[in-house]
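Undergrad: With chain F's structure known, arrange chain G on it following the hints.
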Amino acid sequence: MRRAALALVVVLIVAAGLAPARAQAPYYAGKTIEIVVPFGAGGGTDIEARFLAPFYEKHIAGNPRVVVINRPGGGSILGANFYTANAKPDGLQILATSGSTVIPFILGVPQVQYDFKKWKLVKVNGVGAVAYVSPGTGIRRPEDILKPAQPLVYGGIGAANLDLAMVLAFELLGMNVRSVFGFEGRGPARLAFERGETNIDYQTTPAYLSQVAPLVQERKAVPLFTFGFTNEKGLLVRDPAAPNLPTIYEFYQQVHKKKPDGQLRWKALQALLNPAFTFQKALWVPQGTPPEVLNALWDAVDKMNADPEFKEKSKNVLEGYTLFRGDKMEATVIKSLTVTLDVQKFIKDLLRTKYNVDI
Amino acid sequence: MAEALGAAAELFFVPARLGMMLLGVLAGLVVGILPGMGGIVAVAVLLPFVVRLDAIAALAMLTGALAVVHTSDTITSVLIGAPGSAASVPSVMEGHPMARQGQAARALAAAYLSSLIGGLIGAVGLTLSIPIARPLVLAFGSPELFMLTALGVSFAGSLLGKEPRRGIIAGLLGLLLGAVGPSPAAAQVRFSFGQIYLMDGLDLAIVALGVFGIAEIIGILARGGAIAERVDLGHGWVQGIRDVIEHRWLVLRGSLIGMWAGVLPAIGATAGTWMAYGHVVATSKDRSRFGKGDIRGIIAPEAANNAVEAGDLVPTLLFSVPGSAPAAMIMGALLAYGIVPGPRIVQQHLDIIYVIVWTFAAANIIGATIMFLASPALARLAYIPFTRLAPVVILMMVLAAFQETQHYGDILTLLILGVSGYMLKATGWPRAPLLIGFVLANPLERYFWLTVNLYPDPDTWLLRPAVLVISALLVFPFVWTAIQALRRRGVREARAAAVRWRPGLGTMVSVGLLAIFAYATVTALGFLRGSSLMPLAVAILGTILCAAQVIQEIRGRSVPVAEEDEAPEGATGQIVARALRYLAGIAVYTVLIWFLGIRLASGLWVTAFMLVVARMRWPLAVLYTVVTILGMELLARVLGIRLPPGVIALPGL
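From first to last, the protein sequence lines are chains F and G.
If you're matching positions, the first sequence starts at 282 in my numbering and goes up one per residue.
If you're matching positions, the second sequence starts at 21 in my numbering and goes up one per residue.
Simulated from the structure, these hints should not be mistaken for lab results.
Heads up, the beta-carbon is just placed ideally off N, CA and C, and yes, glycines get one too.
Per label pair, the in silico range of CB-to-CB distance: (1) K514(F) with L148(G): 47 to 57 Å; (2) P370(F) with V667(G): 20 to 30 Å; (3) P370(F) with Q215(G): 21 to 31 Å; (4) L561(G) with R346(F): 48 to 58 Å; (5) D479(G) with D639(F): 27 to 37 Å; (6) K538(F) with P155(G): 34 to 44 Å.
Rough simulated footprint, nothing fancy, chain F against chain G, three-plus residues with beta-carbon under 8 Å: (7) 208–222; (8) 344–351; (9) 413–427; (10) 461–472.
Chain F on its own, in the form it takes in the complex (with noise of 0.2 Å):
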């Protein structure tokens, strides 16, 4: 009897011993992280969470399952609610956002139930872009667009949609464009650019690289500016993959003679390139989950952006921008998400006089 007990307490000391040392099992080991995306199967963000999926699994410690669940609806407002109403700060639901779920939260659309500062930033990435004309316009110098030599026609998706970072660009150039909004996407906009339907167009600069590039050899297109990128430090340079083109903020220099800083179009602007392009595609976990689940995460990416076979894979799919941290950027980031009113109210104004949508 007291043999047995004895044992029992050599047991307990023993299987108190080795709890630790499971406990120093990652966190991830055996568990399934769902990164929940709120577009449908086939999106720009869908495709990239499905890319980076295997290389989360291959670079978090404990190598746990990662899978990619659609829920769209709402123009991404639906799932970002669902997952504001839903998600634990366990780390295992990660939400996948883009500037179409930004844009209402910046503009306050009443349907938003999210919001980004309650949220920890997994990591962040971006893509420039450029715009560009038809030679038929006649626009060969910066401030030609100021007088072209046909009217210009622009075609977009929707003017509060990704379509406002142009609009807001034809507003502080001063431009006289007719927007015909309407389209299912940026790639039939740039079918109907080389049907001739519209003359003035923008693409991602990776499209534009892949799709616009041959046609400016064939001279059926002119570039003009790019929206530029955001570095570390918070500063607007010159798009790393189209370094040999200048940034709105010079382009407006060159057509206007001087610097639009100050200007609120221009804040207007300014406000909306980084969520639309810079920071266009983040991964969120709830504020609260734990830190070293989240340094799993981040080390995930420090991992994945040395792995050779993610430098090779990723050229094309993130389009050859850097995969930052979350913990780097946050600061940046939701700086970017937060706008002032007068920014706000100039927005909804234009919208509202200029392209009959009342938010």
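TA: Relative to chain F, chain G alone:
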């Protein structure tokens, strides 16, 4: 070109890569068979595996899966009447009645052979068109795209059924359902009733599953017995092959229509299938068998829906503008391997394109062969008492619907559309125009809006040569239908005048439709200028036609006649009453899912169904339920399918 084809063959005919393609084909076939699930699920399931493969093997796997989804989805449509995917609804309309008449084997053989030929024609078309397709695609401007969708809508004109007015109303209802959600013309969400769920509009798969799938299943249950009463497996196969040979030109026409619809990304893949179906009905002299099991109505759409996938690859590869979600996902995979679709792909990666062509052709041959071999066994499903099959099929449809947004709204929408679909079916409203209207509503409205805005001067687009040609094609069927309607008029009135009106389900449905259109009219009056145009036109026309319909019904001139299979003479009332009880049963199921989640709800409901309806003894009923739920869990694990949770969150369920 020949050089690249040869180089591609060397790349492709390597055992390991062929093996990957075979895996892709198997995955595509399995996903296709599951009701309501198509290319998206197939590609999504495979993506995690392709990361470990080389580019060629990965492409072989994904293309292999996509190529055969529309080969195998036929079997579900034909045997069970639940559309295997949205693009196989014509096979529900024509193939399923054949299965009930004991001709499942004939329908399936014809479908597989047409799919196979459609796929091969698609592969050849892809080969020939890739070097020259760019200017061809660019020749289709917004006016041409608008006119083409209008042409597609007019094909619905040939599917109007015995009473053209009802057909037109059904088509208008489809256009109205398609208008739910974001307007292409202005930043406005329409008919959303304040629900965020409706902000993106209704999902095609759910509409097809509800209006056809649920409605068919209720119909079969209410009629009782098995799907097919007569066993006729023997020479049906040979007959099906003979049918295809006899209608060989139909196969070719269907394939070309499908291919072309795929090439133009604005039109969409499902529309291609419907255009092929509308085309075959419109050009047939004897239309009396359509809707009751006409083999021609299977051959053309089945050829089309495989060719569509090949056509879809043209804009995907040449313009980096995919026409469908699965093509977009394949494009994502291409990017990961450094293959960038666009104008330079023809110079840089022609061999890769031809690897896709080879895969597409080979996968179609292998897929059709496998289905040929597997079908005799699967065809026996049609002879099982349907009450034993129904719960599994219903469960599958609920799961398929839930994959669309993973919101409970998916299931609720499925239920509402299912009830509506059955009501329409039971009172003799044609449902094909409804689906065509729904599929084409968005491109029709979008490209009309873009056309009038991009070409402010109407002459500049109305007089374009292609617009004129399509206009001529567009007017022809209307004139034709009108002439035929005039000819038949005397006969119909003589028959209709003899019947006396009495209030019933038929009137209820007509009045209900009137109310829907009237409500839509009032609501649409409040929309912004651009976004009110189409819904308002549709709603006003619908209101007028519905009012005329109701008046005529009261005067006894138009009598609801249920579809052929519904009832032996005089028993309609009983069958409808039984059907309503089954609908109530499904409603209870959806409420249970909402509360308890699908695991527990299915546990209770399937057992109850087996005990009460199928009259199984309880040990067997429990066993049946356990197997069903285990099957569901397996699917969830293997295919990554999400299971609806309940509001009462029970641990582990």
